[in-house]
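Visitor: Line by line, the protein sequences give chains A and B.
Residues in the first sequence are numbered consecutively from 1, following this note's numbering.
Residues in the second sequence are numbered consecutively from 83, following this note's numbering.
Simulated from the structure, these hints should not be mistaken for laboratory data.
Note that CB positions come from ideal geometry on N, CA and C, so glycine has one too.
Hints are not guaranteed to be accurate.
Said to hold, decoys possible - Computed Cβ-Cβ distance ranges for the label pairs, DEER-style:
1. Phe151/B - Val80/A: 38 to 48 Å
2. Gly62/A - Gly92/B: 21 to 31 Å
3. His122/B - Gly81/A: 41 to 51 Å
4. Lys85/B - Lys82/A: 22 to 32 Å
5. Ala120/B - Gly62/A: 27 to 37 Å
6. Asn143/B - Ala38/A: 20 to 30 Å
7. Phe151/B - Asp31/A: 35 to 45 Å
8. Gly62/A - Ala84/B: 35 to 45 Å
To be verified - Dumping the calculated DSSO-like pairs for lysine-lysine here, alpha-carbon to alpha-carbon at most 27 Å:
9. Lys29/A - Lys135/B
10. Lys43/A - Lys53/A
11. Lys125/B - Lys135/B
12. Lys53/A - Lys135/B
13. Lys111/B - Lys3/A
14. Lys85/B - Lys3/A
15. Lys164/B - Lys111/B
16. Lys29/A - Lys111/B
Number of protein chains: 2
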Amino acid sequence: MAKAVFYHAGCSVCVDAEQAILPYLDRTKTDVETIHFAQHPDKLDEAEKLGVKSVPALVLNGTVYHINFGASMADVRKAVGK
Amino acid sequence: MAKAVFYHAGCSVCVDAEQAILPYLDRTKTDVETIHFAQHPDKLDEAEKLGVKSVPALVLNGTVYHINFGASMADVRKAVGK
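With the rest of the complex left out, here is chain A (with noise of 0.2 Å):
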């Protein structure tokens, strides 16, 4: 099973990526995780750990697939005050 997270900040574009992506995910062979920073402002340096530099970001398998560009991860920084 594969293991893919998604990470989230609030923004337009992560919210439509979410909305439009997530679904089509075939969850027979992917679990699909989502974290909002809002809400998990500790999974930030994990995040960029992985490689994150932007948002939203689909991390599959470990890689880090950026989509479009809704915002930096040091506007997320700022955004959540961390």
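Following the hints, position chain B against chain A.
Guide: Positioned in the frame of chain A, the structure of chain B alone reads:
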């Protein structure tokens, strides 16, 4: 049934995204077509009209999702001589 078109230019980022992401799209919900610009340079105009600015890009239900960055469309045009 949703329509997904994956635009590919043979770049390593394109190959990675193709191999890593497309297998996880739910084929019971979406038809997936892959277009290689090297083989179909006639699709360049169509892609740009849809809003594709770089490859790899996934157009899902008409909305463009640029996935990481492999090459600009200008560079793709140079590469295929169009």
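Visitor: All the hints need checking, so say for each whether the structure fits it.
Guide: Consistency of the hints with the structure:
1. Phe151/B - Val80/A: 38 to 48 Å: 26 Å, violated
2. Gly62/A - Gly92/B: 21 to 31 Å: With a Cβ separation near 24 Å, Gly62/A and Gly92/B satisfy 21 to 31 Å, so the hint holds.
3. His122/B - Gly81/A: 41 to 51 Å: 48 Å, holds
4. Lys85/B - Lys82/A: 22 to 32 Å: Since Lys85/B and Lys82/A have Cβ atoms about 39 Å apart, the given range 22 to 32 Å is violated.
5. Ala120/B - Gly62/A: 27 to 37 Å: Holds, since Ala120/B and Gly62/A (Cβ atoms, about 29 Å apart) stay within the stated range.
6. Asn143/B - Ala38/A: 20 to 30 Å: 27 Å, holds
7. Phe151/B - Asp31/A: 35 to 45 Å: 27 Å, violated
8. Gly62/A - Ala84/B: 35 to 45 Å: Violated - the Cβ-Cβ distance for Gly62/A and Ala84/B, about 27 Å, lies outside 35 to 45 Å.
9. Lys29/A - Lys135/B: 30 Å, violated
10. Lys43/A - Lys53/A: 13 Å, holds
11. Lys125/B - Lys135/B: Holds - the C-alpha atoms of Lys135/B and Lys125/B are around 13 Å apart, at most 27 Å.
12. Lys53/A - Lys135/B: With Cα atoms ~20 Å apart, Lys53/A and Lys135/B stay inside 27 Å; holds.
13. Lys111/B - Lys3/A: 20 Å, holds
14. Lys85/B - Lys3/A: 24 Å, holds
15. Lys164/B - Lys111/B: Roughly 34 Å between the alpha carbons, so the hint for Lys164/B and Lys111/B is violated.
16. Lys29/A - Lys111/B: Cα-Cα ~14 Å, so holds.
The structure is inconsistent with the numbered hints 1, 4, 7, 8, 9 and 15, although it conforms to all the rest.
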